[in-house]
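Enquirer: Sequence:
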Amino acid sequence: MMQQSAPEEFGAYIGIDWADQPHYVSLRDANSQEVKHYKLEQKPEVLSQWVNELQQRFPGQRVAVALEQTGGALIYALMSYEVSSCGSSMSVTIVAPWR
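Per the working numbering, the sequence shown starts with residue 1, numbered consecutively.
Treat the hints with care, since some could be wrong.
Pairwise CB distance ranges (calculated) [as the list claims (entries may be wrong)]:
1) Arg28 / Gly60: 16 to 22 angstroms
2) Gly72 / Asn31: 28 to 34 angstroms
3) Ala77 / Ser26: 14 to 20 angstroms
4) Ala66 / Asn31: 16 to 22 angstroms
5) Tyr76 / Gln33: 29 to 35 angstroms
6) Ala73 / Gln33: 31 to 37 angstroms
7) Gly72 / Tyr13: 17 to 23 angstroms
8) Pro44 / Ala66: 18 to 24 angstroms
Calculated from the structure, these hints are not laboratory results.
Each residue gets a CB set at the ideal place from its N, CA and C atoms; glycine is no exception.
Using the sequences plus the hints, can you model the full thing?
Expert: Encoded structure:
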């Protein structure tokens, strides 16, 4: 019989709607039910600053990221950061009803 492993813990859960301008982000700290919503500009330095803030806020913790893309620059940029070690992408048609 195969044993199931315990679910992995994350410091935060993040959903990103990466559009032309601006980009919408929803973040829920794992220790809270509150979801914070904010916007990010499409600039490499803004993304870098945002990831640095996540690293400071959730030191040594993994962050779960779901985004509305199946490929592209954002996915590759996030993969270069240790904090975004878990990711998932979704098709636009899947998330459309929740907009």
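Enquirer: With reference to the structure, classify each hint as holding or not holding.
Expert: Status of each hint after checking the structure:
no.	hint	verdict
1	Arg28 / Gly60: 16 to 22 angstroms	holds (19 angstroms)
2	Gly72 / Asn31: 28 to 34 angstroms	holds (31 angstroms)
3	Ala77 / Ser26: 14 to 20 angstroms	holds (19 angstroms)
4	Ala66 / Asn31: 16 to 22 angstroms	holds (19 angstroms)
5	Tyr76 / Gln33: 29 to 35 angstroms	holds (32 angstroms)
6	Ala73 / Gln33: 31 to 37 angstroms	holds (32 angstroms)
7	Gly72 / Tyr13: 17 to 23 angstroms	holds (21 angstroms)
8	Pro44 / Ala66: 18 to 24 angstroms	holds (21 angstroms)
When the structure is compared with the earlier hints, no violation turns up for any of them.
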